[in-house]
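So the sequence lines, in the order shown, correspond to chains X and E.
Numbering of the first sequence is given in full-length UniProt numbering, commencing with residue 1 and proceeding in unit increments.
Numbering of the second sequence is given in full-length UniProt numbering, commencing with residue 1 and proceeding in unit increments.
It should be emphasised that the hints constitute simulated quantities derived from the structure, not laboratory data.
Mixed in with the good hints there might be a few duds.
Estimated spans, in silico, between C-beta atoms of each pair [as the list claims (entries may be wrong)]:
1) D167/X <-> E352/E: 46 to 56 Å
2) G37/E <-> A311/X: 34 to 44 Å
3) V324/X <-> P169/E: 24 to 34 Å
4) P90/X <-> R351/E: 39 to 49 Å
5) V102/X <-> R310/E: 38 to 48 Å
6) A40/X <-> P299/E: 43 to 53 Å
7) P90/E <-> G101/X: 51 to 61 Å
8) D23/X <-> R310/E: 41 to 51 Å
9) A311/X <-> V26/E: 38 to 48 Å
10) G329/E <-> A311/X: 30 to 40 Å
Because the structure is a prediction, the values reported are computed rather than measured.
Every residue gets a Cβ at the ideal spot worked out from N, C-alpha and C, and that includes glycine.
Protein chains: 2
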Amino acid sequence: MPGPVLAVDIGGTKFAVAVVGPDGVVRTAGRIATPPGGDARILWKTLDELITSVAGDSPVAGVGIGCGGPMSWPEGSVSPLNMPGWRDFPLRERLARRFPGVPVRIHNDAVCLAAAEHWRGAGRGSANMLGMVVSTGVGGGLILGGRLIDGGSGNAGHIGHIIVDPDGPPCGCGGRGCLEAIARGPGLAAWAVEQGWVPGGVGSGGAERSGRAEGADEAGDDAPGSGAFAGTSGVAPAYVEAAPANGRQLALDAAAGDPIALSAMHRAGRALGLAIASATHLCDLDVVTVGGGLSQAGPLLFDPLEETLRAHARMDFARRVRVVPASLGQEAGLVGAAALILAADHYWSPRE
Amino acid sequence: MPGPVLAVDIGGTKFAVAVVGPDGVVRTAGRIATPPGGDARILWKTLDELITSVAGDSPVAGVGIGCGGPMSWPEGSVSPLNMPGWRDFPLRERLARRFPGVPVRIHNDAVCLAAAEHWRGAGRGSANMLGMVVSTGVGGGLILGGRLIDGGSGNAGHIGHIIVDPDGPPCGCGGRGCLEAIARGPGLAAWAVEQGWVPGGVGSGGAERSGRAEGADEAGDDAPGSGAFAGTSGVAPAYVEAAPANGRQLALDAAAGDPIALSAMHRAGRALGLAIASATHLCDLDVVTVGGGLSQAGPLLFDPLEETLRAHARMDFARRVRVVPASLGQEAGLVGAAALILAADHYWSPRE
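Work out the full structure: start from the sequences and follow the hints.
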């Protein structure tokens, strides 16, 4: 059994670092907001100092990294969409130089979340699992036959780009009608605003709802949105913080009974159900875990998802599939990164 | 290196049996039309005699079987959709009793076709491949990381039930808008007839086009269709055989310039392009092979397929995917069945 490992989780919102024991339990951890602006050197220095503060000089048996894509893989030069400061930044190589003599491995952050849910979360015990995260984007990772599937370039798991409406809205990928184009928080919020949604506009006002539910945003990168004022009086009182027009607020407003927000959850749930039905047919899945900001909407999202999934997944083998909320919360990214080292027989295939 | 193996390919149209050398080359083979009617005993007797006539008393190192689904897997009790005489028929067990002491393995016929194309056909050298067959149904098999993917119940590869039009036509699976509902030969032909298609009605008459292109139908199970008379005179001359309203005739008529048949090819190509884009995004594929009757339409089908695929698969990793015609012809099913024994490290995972 190897010693503890260092886990690194890099996102557009925060950097997180942890020492993870061989049992997959986080021993010490730290996080810091991703430095704003685009200086590659400052980004690296921030990460380097965070690592020192968390791990000190203790030896580690390896380093696992989850990072937003795209990236060259398994080499690990990263160009995260939400971090313009790193373009072809040799993140894996830098960490390999900092931790010589031990394996240093990297994968897409959504893939790490899926590995975590399979290893220690809601997908445990299943051999065929899709792990999804529905947040600013819609990402995922695929475990088949008990092993993480990489695909030809490390990009397997892009469930967000299953096409659910061929004539639907344009997608950031350059295509059209992808699941992500419809169900990503900002896309869904934009659709709701078009329908007349006033964020936080239900009930007694927006202030009490504008706080982010800490610890619930596994992906940690819901875009803040356009922050429309929520007050119903002519002039918003100074203490009322504007409720953001984002997916999380949409989930909160749906829970408060806002009919447009409810329609938006139905729209997202239907798109998710279609994509999951397609993935289940292609991959003969046992279980699908769904995490990320939007999944906090609970039955408001999962009920229309199930309704659509069950209408389309009719063959015996497909009816077996279970869709469950992700269970690991905000540590999932770190646990999944650690799994690349600690449970390599399941989650790491490339030759090094 | 093991000795030769027995390969068995069971379909609604024909039974085929071969002795296949360790190099994957068919040494001797035989085929017979599937006995009409529904007697389980006669079906088995027919297969048993065909095996004797092909293999005689020579010892074999194992038996590989491809059979239409559904089936219990890996146990191999089969209930092929097109063979009502076998319901929960213990095909694998019967063959295991007939060939004691050697491995006897079974998989879905479309999965065997994919294994064959990966092992010795158009997908050779690729580690991440989807093998498709577009015929009476639309089936497939998935190879990822160089290994055949089984899924939780042996049903991975059901590309025909990727949803390409959520509000589209009902599908035989009980769902709606699946690729198969649109692109399967009989479905496409029915759509064309609705649009006013007269099978074989282009050019000088239907007779010369009504013959089936022997050796080209890998799946061998295009339904004969409703056989409308093709003559353009008031009374069809007695020697003009009615052209069948099926996918193969549709491909022939498209090649002859029939505008409705061309529209049908476009419709099928678009549905295939959408499903392949979705599968490529989810599985990060290197190559997709397309076989079966409809693929004989060549560019008439592949051009609209490519157009739709390239419009939707825009990310760098997805643009890599190549779509190529299957290359093994009618032996593919036998070669794939043999691969379950001869190349088990790639194509056979279950514990026995």
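How the hints compare with the structure:
| no. | hint | result |
| --- | --- | --- |
| 1 | D167/X <-> E352/E: 46 to 56 Å | holds (48 Å) |
| 2 | G37/E <-> A311/X: 34 to 44 Å | holds (36 Å) |
| 3 | V324/X <-> P169/E: 24 to 34 Å | holds (32 Å) |
| 4 | P90/X <-> R351/E: 39 to 49 Å | holds (42 Å) |
| 5 | V102/X <-> R310/E: 38 to 48 Å | holds (43 Å) |
| 6 | A40/X <-> P299/E: 43 to 53 Å | holds (47 Å) |
| 7 | P90/E <-> G101/X: 51 to 61 Å | holds (56 Å) |
| 8 | D23/X <-> R310/E: 41 to 51 Å | holds (47 Å) |
| 9 | A311/X <-> V26/E: 38 to 48 Å | holds (44 Å) |
| 10 | G329/E <-> A311/X: 30 to 40 Å | holds (38 Å) |
Of the numbered hints listed earlier, not one is contradicted by the structure.
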